[in-house]
Amino acid sequence: MTGASFQRGRDLRGDLSLDVDAIVVGTGAGGSVALRELARVGLQAVAFEEGALSRSGDFDQREDHMLPRLFQEMGGRTTEDFAIRVLQGRGVGGSTVHNTNLCKRTPEPILDLWARKYGVAGASVAEMAAAFETIERDLSVSPMGADVRNANNEVLRAGCEALGWRGGPLAHNRVGCQKSGFCELGCSYDAKQNALKVLLPQAVAAGASVYSDVLVTRIVHDGARVTGVRGVLLDAYGVPQGAVEARARVVVLAASAVGSAALARASDVPDPSAQLGRGLRLHPGAAVAGRFDRTIAGWRGIPQSYECTEHLSYEEGSDRRVWIVPAFAHPIGAAASLPGFGASHMAAMRAYPNLAVLTAMVHDETSGEVLAGDDGRPVLRYAMTDADRTQLARGIAACARLLLAAGAREVTIPAIPPVRVTSTRELDALDLSFVRPHSVPLTAVHPMGTLRMGEDPARSVVRSTGEHHHLRGLFVSDGSLFPTSLGGPPQISIYAFALHLAPHVIERARG
Amino acid sequence: MTREAGRRFSRRRLIKAAVAGALLLGAGAAAVVRTRGYAVPAGRTLAWMSPWQYVVFQHAARRIAASDRPEDSSIPSADDLDVAGFADGWIARMPAAVRRDLGRFLAYLEHLAPVGSGYASRFTRLSPADQDRVLAGVEASSNDQLRAGFEGLKSLVFMGYYRDARTWRVIGYDGPMRGRPEGGWR
Chain A
1 MTGASFQRGR DLRGDLSLDV DAIVVGTGAG GSVALRELAR VGLQAVAFEE
51 GALSRSGDFD QREDHMLPRL FQEMGGRTTE DFAIRVLQGR GVGGSTVHNT
101 NLCKRTPEPI LDLWARKYGV AGASVAEMAA AFETIERDLS VSPMGADVRN
151 ANNEVLRAGC EALGWRGGPL AHNRVGCQKS GFCELGCSYD AKQNALKVLL
201 PQAVAAGASV YSDVLVTRIV HDGARVTGVR GVLLDAYGVP QGAVEARARV
251 VVLAASAVGS AALARASDVP DPSAQLGRGL RLHPGAAVAG RFDRTIAGWR
301 GIPQSYECTE HLSYEEGSDR RVWIVPAFAH PIGAAASLPG FGASHMAAMR
351 AYPNLAVLTA MVHDETSGEV LAGDDGRPVL RYAMTDADRT QLARGIAACA
401 RLLLAAGARE VTIPAIPPVR VTSTRELDAL DLSFVRPHSV PLTAVHPMGT
451 LRMGEDPARS VVRSTGEHHH LRGLFVSDGS LFPTSLGGPP QISIYAFALH
501 LAPHVIERAR G
Chain B
1001 MTREAGRRFS RRRLIKAAVA GALLLGAGAA AVVRTRGYAV PAGRTLAWMS
1051 PWQYVVFQHA ARRIAASDRP EDSSIPSADD LDVAGFADGW IARMPAAVRR
1101 DLGRFLAYLE HLAPVGSGYA SRFTRLSPAD QDRVLAGVEA SSNDQLRAGF
1151 EGLKSLVFMG YYRDARTWRV IGYDGPMRGR PEGGWR
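Same order as they appear, the protein sequences are chains A and B. One point on numbering: in the numbering used here, the residue at position 84 of the first sequence is 84, and numbering is uninterrupted. One point on numbering: in the numbering used here, the residue at position 39 of the second sequence is 1039, and numbering is uninterrupted.
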């Protein structure tokens, strides 16, 4: 093994063969923590990342440049039926590079539910507290006050206040923020305190190695325990240019609820209870735009610093499962979201500076599935339930109501055909039964739940320690672990669970 | 499985089969005629698209990114920004299955979508106004897969169009802070 460092796989020649104590697949929130903790106790650990290694100077704030660099399938990943666009990170740091820094702990009712119904042990609020506190300190998490609230977020706050709805500021992991508003395209100013900036450098400093441009294609095992992974080195165009073979007692899957599940399925990981890959949750969301007389310029400033939780309950089966946050997009994203085409579309785009945009994300109960596709791409199968569809419609209506309450002259629901309302009376009269996947553009950024943890092997894939029920040495350390959706941003939950479970990974890696 | 669930499942499969059939028919029709009558601009080298695909995409891009003020020559057209050429380079880097889907959708748009809107002509031979009607028909199709195909096409067109600083002033966007010229992006 080469010395501890960041290695660009695209610059390597020939094949790569390694013998280490532990291999981490994926370098996002979960993988970066697992790697750091392994390295800090002196174990030889290596992380493989399919995408590129970027530095702040590479983030040029252009959508057409950053989508291919930072997102799976160049930002074009969708569910199998094309109904939901699924934005997922690709590159060293994973989705922590392009996310908007939202930090919320796993809600207490969710942890209680996981313990009570899904048999998750050792992860109560009290038992998780230390992990949350540590990770929040490591990432410099702090509340985003009114002084940094941009106009789009101010619209949400004003709407909440006017309606008397529950809302409040969010906490973020940013230091030295320039308020450029380009967070979703990577931070040009190194202000994001994320896996790329904080945790992976700490891991490398402790002796770990991080390889970019390595696509792991198979977990090697004998049916009872893992022995390593196989993969390929990719060149700058993503074309395989060499073989990778690494051997270790422990393999940690941290390639997201999509990537980890697809890899496990492609590797014939034992699955006697047919749970592997199932339970996919997405937090599918729809955006609603309000046109104001005043300039909003929603692309400027911190994108998501305020939330509305009026319609959000974490109780299972609740009919209030909508989380609302601002969702302004840069021109390419906005153009794709606004309804129509041609002259009418350009006319709508001229109002771009006057738009405020909110999104309603469903704290979903739909259970989807991830499969390994024939061409190596994961297949995301997700058929939204009627109950979730109802929540989506309510969320869209709530966004429209907030925008009108904040003073929007007109609200557009980007359905086909588009729906426009100018008053609450029109909104009240609106029949929202048309809302369903394919009738409104849906986006998801929070895949979860495909390798669920729990003590019962019949209902879960891994133990509460994160280790696979049947394959010794195979651990999961990403959002795949979660038995249900969270109803909020998952990054802190992923970081914290990775930290919470790391002692089990370390124990196994030590043999 | 309940009877209702069974009905839904069957109906969904039926629709999927019908769409697959239509797309295959489109691909088949294209296979017969797609190489005739399509010319790319002299000197144009294509990364992935075949000439017929490039021309169909170019026609669609002109309409999807059409200006609301055609008399204003300062608003760049899709051709000015080489949207089709950009899309060719973009799609060349996408997974093979995505390229295949786009190819099938372009074949459908060229040969079958006009028929669905009452035209006995290829899409690329229709007037701009008629092309708009065909595109509107696809956008509002009762078929989910066709609507999704249109949304994918539209996203690609707008990626090619709004990537260019010349479009930003049209919509009042001041562009990236990084590398911003002293006088702003133009």
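Take the hints with a grain of salt, since some may be wrong.
[As the list claims (entries may be wrong)] Selected chain B positions facing chain A (in silico; Cβ < 10 Å): (1) 1065; (2) 1068; (3) 1070; (4) 1122; (5) 1125; (6) 1126; (7) 1130; (8) 1145; (9) 1163.
Hints listed in this document are in silico derivations from the structure and should not be mistaken for laboratory results. Note that beta-carbon positions come from the ideal geometry of N, C-alpha and C, so glycine has one too.
Cross-check of the supplied hints:
no., hint, verdict
1, 1065, "8 Å, holds"
2, 1068, "4 Å, holds"
3, 1070, "8 Å, holds"
4, 1122, "20 Å, violated"
5, 1125, "19 Å, violated"
6, 1126, "14 Å, violated"
7, 1130, "13 Å, violated"
8, 1145, "7 Å, holds"
9, 1163, "4 Å, holds"
In terms of the numbered hints stated before, the structure departs from hints 4, 5, 6 and 7, listed from lowest to highest.
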